[in-house]
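Each chain sits in its own coordinate frame; assemble them with the hints.
Residue numbers (the working numbering), protein chains in the order written: chain A, 1 to 327; chain B, 1001 to 1251.
Honestly, I wouldn't trust all of these hints.
[As the list claims (entries may be wrong)] Only pairs whose alpha carbons sit at most 30 Å apart, straight line, appear in this in silico BS3-like list of lysine-lysine:
#1 K188(A) with K170(A)
#2 K229(A) with K217(A)
#3 K170(A) with K1131(B)
#4 K77(A) with K1118(B)
#5 K227(A) with K241(A)
#6 K77(A) with K1064(B)
#7 K46(A) with K227(A)
#8 K1128(B) with K1118(B)
#9 K263(A) with K217(A)
#10 K118(A) with K229(A)
#11 K77(A) with K1128(B)
#12 K319(A) with K301(A)
#13 K1064(B) with K188(A)
#14 K1225(B) with K77(A)
#15 K77(A) with K1131(B)
#16 K301(A) with K46(A)
#17 K1128(B) with K170(A)
#18 K297(A) with K286(A)
#19 K241(A) with K286(A)
#20 K20(A) with K46(A)
[What the hints assert, rightly or not] Just a few of them, taken from the derived set where beta-carbon distance is under 10 Å, the chain A residues facing chain B:
#21 E66
#22 R78
#23 W132
#24 L182
#25 D298
#26 A302
#27 R310
#28 E311
#29 Q320
[What the hints assert, rightly or not] Anything over 12 Å on all C-beta distances counts as not near chain B; from chain A, calculated:
#30 L253
#31 T268
#32 N288
It should be emphasised that the hints constitute simulated quantities derived from the structure, not laboratory data.
Think of the CB as a built atom: it goes at the ideal place given N, C-alpha and C, for glycine as much as any other residue.
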Amino acid sequence: MYTQALNNPAVEAGVEDEEKLAAFQARIDREEKIEPNDWMPAAYRKTLVRQISQHAHSEVVGMLPEGNWVTRAPSLKRKAILLAKIQDEGGHGLYLYSAAETLGVSREELVDQLLSGKAKYSSIFNYPTLNWADVGAVGWLVDGAAIMNQIPLCRCSFGPYSRAMIRICKEESFHQRQGYDLLVAMMKGTAEQQEMVQDAVNRLWWPALMMFGPSDKDSKHSADSMKWKIKRFTNDELRQKFVDATVPQAKVLGISLPDPDLKLNEETGHWEHGEPDWDEFYNTIKGNGICNKQRMKDRIKAHEDGAWVREAAQAYAAKQAAKKSAA
Amino acid sequence: MTDTALFTYCMRLADDSAILSQRLGEWCGHASHLEEDIALTNIALDLIGHARELYTYAGQIEGKGRDEDALCFHRVEREFNNLLLVEQPNDDFAYAIMRQFLFSAFMLPFWEAMMSSKDEQLAGLAAKAEKEATYHLRHSAEWVIRLGDGTEESHNRINNALEFLWMYTGEMFECDEVVSSLVAEEVAIDPMSIKHLWDETVNTVLVRANLERPTESWMQTGGRKGEHSEHLGHILSPMQYLQRSFPQAQW
Ligand SMILES: [Fe+2]
Ligand SMILES: [Fe+2]
Ligand SMILES: [Fe+2]
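Chain B extracted, bound-state conformation (with noise of 0.2 Å):
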């Protein structure tokens, strides 16, 4: 059963960053400047790098042959298991850097939990990838600051962006049996014991940013069952058609 629960996991957390890598590296030579077109593609490599350690340890405890590209390209919508957060579209920049914002505030305190992690493979990763988060928080924190406190309009997009994305935010704090199970054999973290740092960050930003914290709302749910935005499928069309296209080859 821990198998079965260790690979939703797993997958979980790889969907995460292989469809929000999706969505930055549709920046890839788009971006407002030379500068910021670097560091999205970082943060977008960073997130690929996770994603492929992710599917192959996940494919290993599978046991059944898969490897991370299978996982990637050749499960369909209802399969992946994503944050509905990370499918969100590129809108405008401020829709990029909100999104990214809300996600690394939460994974940045997430990996350094899990570094003490009882699963070997996953502290390992959360040891590296702690690092990367800390970068990725850093680099849209900074943003969100700039463009809260910029012009009036860059004030007004980062707002509308928030305010779209918030909803999206109760997600990263779910708590299911999959995850319940893990965290009773400290493999895995109570997503609700990080959640004052999350606050903490994202509190601190939107008043340097001159931003207003939304007020709790509904919050939306369903990623991590497979419900998913109608995004999904746009993402996933342009990113499996070669795989599913040609499916003996290797490349």
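For reference, chain A alone in the conformation it holds in the complex (with noise of 0.2 Å):
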């Protein structure tokens, strides 16, 4: 999920050993996977823990919007779906630090930079969550948006990362199908339910066609992604895939989109679509969405109210170990 590219400085070339490389890249063609114990690139290393840990960041920030509507869920049952669904993220944010520490950092480290505002993690944070149909948009565009970009990442080339995928991808897609399963449930119903539906999407189409990150044309880094097969599709294209997948949805769903540029190209098949405000996604990047700052407040806050915690932990499994050693 959430592999805008978003902090990515080019990646520095460095002296590599041009044998290694060359050797390397050839695995690379070969589409054998790179293992964490294999050797690899300075640049490729770098790619990737940037992206996995940019990655693993947006699960665990995402879950606060969500959990904004844990307590005010309508029905027990939702409550228990929502409630699920929000743990599975937090099972992707650990499967993903974990495949990223296999790459030599330590989830310590990148917590850290998470929590200093070094490390990026998706845009569409920070949109918040206002009605109770944004939960289920949330799960349609959001965790569909995800789908799109991480179905190719199955087939990433770096071994754990494809991995986790794999197993993160089945989770989406049930998400997925669980969001809009709420919002079918929510159009059959009152004329207020319904208005509810269509400001959740009329809110959240654009910040999540920005899922897929700046189009191609100012997109500078993926090359290296794509030839190292980190990447397979570029921005646009899957961007693309999404709006094609989606816009038959709103229509069994009975909800218009907020895009007055939506037709079908009767030629390529394809939907066509209008341009997300680059100007609002860039500024939303640099820290200045409707919830940034309110996201990394609460990730801090949880952060340390829970040191104390962490410190016992800590203390009790030295003394369980002293006390062992003694005996």
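Okay, structure coming up:
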């Protein structure tokens, strides 16, 4: 999910052994998986650490906008579904931090990067969830966009990331269906419920399209990722797949999408769409989205409030180890 | 008459689960570390499962067409019959863990005993809930020990939680006419019959946690009669707001 390539300074080439590089690229070209102990160019490692940790951070920060509705879920069944979904996202965060750790960084370092503002996470989670339909719209659109992004990542050249993605994708598609189901139930309901759904979709549609990252003409950093088979489709290709899959679902749902330029191109079979507001996108990435500061404040608070708990667990474990070695 | 007692009995258990799961849900996304976030959510999910089954069953016994959501979202504070213990706030992680431990130390032997209830529905739920309560107790007991025997700060925090929450533990062992009439029919169990098991668990864990068991003191009561602490209304307000605002809506 959420591989927007947000803070990709061009990865410095460094000096690598030509022979090793050629052998490495040959393995990638043969679709072999690269495993943590295999030789890899420093730039490959760095790109992966950045991408996997951004993805992990996104899973974790993404728990907040949905968590906003846990205590207000309108039925016990919906509350259980929502809690289970958020729990899955936490689990995704865990697998991904573990995948990143195989590349030689610790989870603590990565979390510090998030909390200090050095690391990015997907821009989508800087939008607020303002009515109950947002929970459904997040499942349908945000998990839906994540799946489009992630399915090709299941074939990523780096073994641990690819395996994490296979497991995560199964759960994300479950989330997407549950989100859609929530919206269907509301669309069958009262006029007020239908308005909530339309309102949620109006607010989340464009941010969901932005999840694929900048338009190809402005995205400079995918050449290496493509060559290394970390990325297999461009941002615009993935965005198009998402639009093509989602527009018919919106029709079935009976809502409109807030894009006057949306129209089916009969020749290509693709839905042509308008441009997202890229100023809004870059402004959000810079930290000025509606919820950026709130999300970080909440993550930092949870981390700081939990410090004494983690310290206690460590102190206890150290005492137990000391007792064992004394025995 | 039995039906009224059985309805009340199921509602009490359902309310315990619903209110405690609501409290646990407040942690979602805010716990000290991801593993614990997931663990607390696990417990919340189990409890929601129990609440749903119990409300549904209570609604069938009542026979007035109220389903699980009608019972959970359309009653006011005075109609809720949960233990005061489960509505106590998440002042910090120590309070949440101690609350869970004191409750689960009761619920595990409770469900074990309820597996032989003459009421098939309750016996069936007990068989499932007993396994879940085993995990809830293990998880919370491990944390009580870690916090008690961790750092000075964690020791003080868990000790404060113990001292504060202790006065709410007496309520679990109350046996009024509702319970005693069902005990006579072997549908319910007398909570005093498992007091020794609760004591044993609590004493063992507190010793390992370097915590002193509070001396028997005044025990608060009232939850089973709908006389609550001030916290309950604040739990119900967000919980019920959508159902109350849009009473015609299905979700
Ligand atoms: Fe994701
Ligand atoms: Fe996820
Ligand atoms: Fe998801």
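Against the structure, the hints come out as follows:
With a C-alpha separation of about 28 Å, the suggested pairing of K188(A) with K170(A) holds against the 30 Å cut-off. Under the criterion of a C-alpha separation no larger than 30 Å, the hint pairing K229(A) with K217(A) is consistent with the structure, at around 20 Å. Our distance criterion of 30 Å between C-alpha atoms is met by K170(A) and K1131(B), whose separation comes to about 27 Å. For the proposed pair K77(A) and K1118(B), the alpha carbon gap of about 28 Å is at most 30 Å, so the pair holds.
For the proposed pair K227(A) and K241(A), the alpha carbon gap of about 21 Å is at most 30 Å, so the pair holds. Taking the CA atoms of K77(A) and K1064(B), the gap is about 21 Å. The hint holds against a cut of 30 Å. For the proposed pair K46(A) and K227(A), the alpha carbon gap of about 15 Å is at most 30 Å, so the pair holds. Taking the CA atoms of K1128(B) and K1118(B), the gap is about 16 Å. The hint holds against a cut of 30 Å.
Between the alpha carbons of K263(A) and K217(A) the distance comes to roughly 22 Å, so the proposed pair stays at or under 30 Å and holds. Distance hint between K118(A) and K229(A) is fulfilled; the C-alpha atoms sit about 26 Å from each other, no more than 30 Å. Under the criterion of a C-alpha separation no larger than 30 Å, the hint pairing K77(A) with K1128(B) is consistent with the structure, at around 18 Å. In summary, the hint linking K319(A) to K301(A) is supported, as the alpha carbons are separated by about 28 Å, within the 30 Å threshold.
Using a Cα cut-off of 30 Å, the hinted pair K1064(B) and K188(A) holds, with the two alpha carbons roughly 25 Å apart. Distance hint between K1225(B) and K77(A) is fulfilled; the C-alpha atoms sit about 27 Å from each other, no more than 30 Å. With a C-alpha separation of about 21 Å, the suggested pairing of K77(A) with K1131(B) holds against the 30 Å cut-off. Distance restraint check for K301(A) and K46(A): the Cα-Cα separation of roughly 29 Å lies within the 30 Å cut-off, and the hinted pair is therefore satisfied.
At roughly 27 Å between alpha-carbon atoms, K1128(B) and K170(A) fall within 30 Å of each other, so this suggested pair holds. A hinted pair counts as satisfied when its Cα atoms are at most 30 Å apart, and K297(A) with K286(A) qualifies at roughly 16 Å. Of the pairs offered as hints, the one joining K241(A) and K286(A) holds, with about 27 Å between alpha carbons and a cut-off of 30 Å not exceeded. As the CA atoms of K20(A) and K46(A) are separated by approximately 17 Å, the hinted pair is consistent with the 30 Å bound.
Hint on E66(A) holds. Least Cβ distance to chain B is approximately 8 Å, under the 10 Å limit. Interface hint at R78(A): satisfied, since its Cβ lies 6 Å from the closest Cβ of chain B, which is below the 10 Å cut-off. A least Cβ separation of about 6 Å between W132(A) and chain B falls short of the 10 Å threshold, and the interface hint therefore holds. Checking L182(A) against chain B: minimum C-beta separation of about 8 Å stays under 10 Å; hint holds.
The beta carbon of D298(A) comes within 7 Å of a beta carbon in chain B, closer than 10 Å, and the hint placing it at the interface holds. Because the beta carbon of A302(A) sits about 5 Å from the nearest beta carbon in chain B, less than 10 Å, this interface hint is met. Because the closest C-beta pair between R310(A) and chain B is about 6 Å apart, less than 10 Å, the hint holds. About 6 Å separates the beta-carbon of E311(A) from the nearest beta-carbon of chain B, less than 10 Å, and the hint is met.
Given hint, Q320(A) at the interface with chain B, holds; its Cβ is 9 Å from that chain's nearest Cβ, closer than 10 Å. Taking the minimum C-beta to C-beta distance to chain B, about 16 Å, the non-interface status of L253(A) holds against the 12 Å cut. Residue placement check: T268(A) keeps its beta carbon more than 12 Å from all beta carbons of chain B (closest about 39 Å). The beta carbon of N288(A) is kept farther than 12 Å from every beta carbon of chain B, the shortest such distance being approximately 23 Å.
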